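Q: Listed below are the residues making up each chain.
2 protein chains.
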Amino acid sequence: MNSKDKFFVKIKDGKHICVGLDSDIKKIPKFLLKYPDPVYEFNKIIIDSTLDTAGAYKFNFAFYESNGIQGLTSLKKSIGYIGNNNFIIADAKRGDIGNTSRMYALSIFEFFNADASTINPYMGFDSLEPFLSFTEKINFILVLTSNPGSNDFQKLKTNNGLFLYQEILNKINSWNKEKNCGIVFGATQLEEIANNMDRLNNIPLLIPGIGAQGGDLQSLIKLLKQNNYRNFLINSSRGIIYKDSTELFGEAAREELLKLNNVIT
Amino acid sequence: MNSKDKFFVKIKDGKHICVGLDSDIKKIPKFLLKYPDPVYEFNKIIIDSTLDTAGAYKFNFAFYESNGIQGLTSLKKSIGYIGNNNFIIADAKRGDIGNTSRMYALSIFEFFNADASTINPYMGFDSLEPFLSFTEKINFILVLTSNPGSNDFQKLKTNNGLFLYQEILNKINSWNKEKNCGIVFGATQLEEIANNMDRLNNIPLLIPGIGAQGGDLQSLIKLLKQNNYRNFLINSSRGIIYKDSTELFGEAAREELLKLNNVIT
Numbered sequence: 001m002n003s004k005d006k007f008f009v010k011i012k013d014g015k016h017i018c019v020g021l022d023s024d025i026k027k028i029p030k031f032l033l034k035y036p037d038p039v040y041e042f043n044k045i046i047i048d049s050t051l052d053t054a055g056a057y058k059f060n061f062a063f064y065e066s067n068g069i070q071g072l073t074s075l076k077k078s079i080g081y082i083g084n085n086n087f088i089i090a091d092a093k094r095g096d097i098g099n100t101s102r103m104y105a106l107s108i109f110e111f112f113n114a115d116a117s118t119i120n121p122y123m124g125f126d127s128l129e130p131f132l133s134f135t136e137k138i139n140f141i142l143v144l145t146s147n148p149g150s151n152d153f154q155k156l157k158t159n160n161g162l163f164l165y166q167e168i169l170n171k172i173n174s175w176n177k178e179k180n181c182g183i184v185f186g187a188t189q190l191e192e193i194a195n196n197m198d199r200l201n202n203i204p205l206l207i208p209g210i211g212a213q214g215g216d217l218q219s220l221i222k223l224l225k226q227n228n229y230r231n232f233l234i235n236s237s238r239g240i241i242y243k244d245s246t247e248l249f250g251e252a253a254r255e256e257l258l259k260l261n262n263v264i265t
Numbered sequence: 001m002n003s004k005d006k007f008f009v010k011i012k013d014g015k016h017i018c019v020g021l022d023s024d025i026k027k028i029p030k031f032l033l034k035y036p037d038p039v040y041e042f043n044k045i046i047i048d049s050t051l052d053t054a055g056a057y058k059f060n061f062a063f064y065e066s067n068g069i070q071g072l073t074s075l076k077k078s079i080g081y082i083g084n085n086n087f088i089i090a091d092a093k094r095g096d097i098g099n100t101s102r103m104y105a106l107s108i109f110e111f112f113n114a115d116a117s118t119i120n121p122y123m124g125f126d127s128l129e130p131f132l133s134f135t136e137k138i139n140f141i142l143v144l145t146s147n148p149g150s151n152d153f154q155k156l157k158t159n160n161g162l163f164l165y166q167e168i169l170n171k172i173n174s175w176n177k178e179k180n181c182g183i184v185f186g187a188t189q190l191e192e193i194a195n196n197m198d199r200l201n202n203i204p205l206l207i208p209g210i211g212a213q214g215g216d217l218q219s220l221i222k223l224l225k226q227n228n229y230r231n232f233l234i235n236s237s238r239g240i241i242y243k244d245s246t247e248l249f250g251e252a253a254r255e256e257l258l259k260l261n262n263v264i265t
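Chains A and B, in that order, give the protein sequences.
When the letters of the first sequence are read in order and numbered with this note's numbering, they come out as residues 1 to 265.
When the letters of the second sequence are read in order and numbered with this note's numbering, they come out as residues 1 to 265.
Warning: the hint list may mix true and false statements.
Since the list gives no way to pick out one identical chain from another, each pair is judged satisfied if it fits inside one copy or across any two copies.
What the hints assert, rightly or not - Using 16 Å as the maximum straight-line C-alpha spacing, the simulated EDC-like pairs for lysine to aspartate or glutamate come out as follows:
no., residue 1, residue 2
1, Lys76, Glu41
2, Lys77, Glu129
3, Lys155, Asp126
4, Lys157, Glu167
5, Lys157, Glu129
6, Lys4, Asp126
7, Lys243, Glu191
8, Lys34, Glu136
9, Lys222, Asp5
10, Lys44, Glu192
11, Lys155, Glu167
12, Lys259, Glu167
13, Lys222, Glu192
14, Lys179, Glu136
Hint data in this document are derived by calculation from the structure and do not stem from the laboratory.
Remember, it's a predicted structure, so these values are computed and weren't measured experimentally.
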């Protein structure tokens with residue numbers, strides 16, 4: 001099953017919650033520190049506890065890179081542990097000139113064997129093209145992010161009367177010939193989601209920002225349902241993985257995931 | 001000596017060429033493949049041959065990440081080999097929400113111990129702030145890049161009559177309280193450099209795009225001199241490191257660097 005198929009199987013099964021493995025050695029339960037690779041142990045338990053219910057797993061590369069070589073080793077092993085039938089997002093937000101972006105794409109799709117990337121559009125089409133040339137993957141392009149800084153540039157008005165992020169949405173629609181573009185759109189930006197249904201155009205959405213960042217899941221789901229928008233993953237990281245700091249953290253994560261799923265269905 | 005001081009010492013010494021170590025195991029001289037870590041061997045010889053003349057070394061992270069854990073090990077060792085008196089740029093173009101960008105900053109400034117980063121401004125101030133909180137480092141923010149895709153968004157006109165990249169330049173001037181911002185501006189964008197001298201405001205410039213990408217060094221130097229702009233590094237990667245594929249590649253790299261230096265002085 002190729003990566004795009006994996007995404008659509010999960011969506012068809014009603015599995016829309018993406019478990020964000022922002023695993024930080026300083027925040028995982030202390031009893032795990034006795035293992036040789038505590039972050040990997042932590043991820044394994046979260047994965048075991050959520051595998052039948054999760055729509056996807058998203059690895060935030062920063063949390064692994066901050067631990068250097070050891071962190072990247074944990075990342076590689078954790079991705080391998082998930083197995084081939086699940087949809088894995090490498091959240092690394094890369095973007096560079098063409099010959100460099102190609103190297104980033106090789107890292108993400110070949111070395112780490114992820115199903116999907118997140119990529120930054122600021123440098124334009126030739127910076128994204130090496131990712132888009134992997135036609136069986138999904139590439140979630142940053143459009144309107146969940147953070148306060150999204151106002152700085154993403155919401156600047158261009159002389160076409162559009163917000164910058166809308167110009168990017170228009171381009172994504174023109175770049176999506178292989179149907180392997182996705183869109184990152186923050187859950188904190190409900191009004192903007194509502195105002196751009198035509199531009200979003202049922203392209204796969206990756207929606208971060210519920211929970212710690214303040215996005216409201218119920219309102220988001222209502223809006224997506226009203227518009228019959230099915231191709232979406234809603235990410236929750238801290239809200240799921242750090243729900244409990246005892247030996248029961250896996251079960252607590254599972255319960256939180258089921259709770260989020262109940263809001264959706 | 002802190003990182004900012006290292007930059008200004010090199011500038012004062014007239015050392016403006018940044019050696020870009022985009023070291024690709026497929027492109028380095030074949031005889032190096034007998035070593036356990038060929039990329040590290042390659043970098044050591046380039047570094048030994050250029051250390052007295054280079055203004056900086058720039059590591060393009062993509063080329064190392066594409067080789068996975070082994071690549072990042074080569075990267076870490078190569079940075080360590082350069083030593084403390086030289087200015088080292090981690091060209092990783094990171095950017096994410098605050099708590100994530102903090103992790104990227106820890107990776108770059110603490111694990112890899114670089115003097116400078118390149119960062120992507122698309123997600124706005126709070127995505128850059130964790131880098132800027134390292135007040136003794138220099139953070140080169142992408143403004144106008146050297147690639148064709150720079151036309152897609154960076155040169156969109158906003159309703160203020162400015163290009164998007166000029167809006168970013170204005171913001172950088174307001175964010176630069178600790179004098180630790182830098183600017184990435186492509187050598188292929190000469191006219192735009194000329195038109196924005198006030199906004200560039202003598203902030204440290206990292207200028208990629210000469211050589212393989214088509215930027216003309218002589219015209220660039222003439223323009224910078226006319227404007228008495230001293231705080232700049234001009235990057236050359238492929239043009240220096242792949243000048244020769246025999247045992248003499250180190251000397252060839254040195255000659256090329258001296259040639260570029262002669263254009264500058």
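Q: To test your reading of the hints: which numbers does this structure violate?
A: 2, 5, 6, 7, 8, 9, 10, 12
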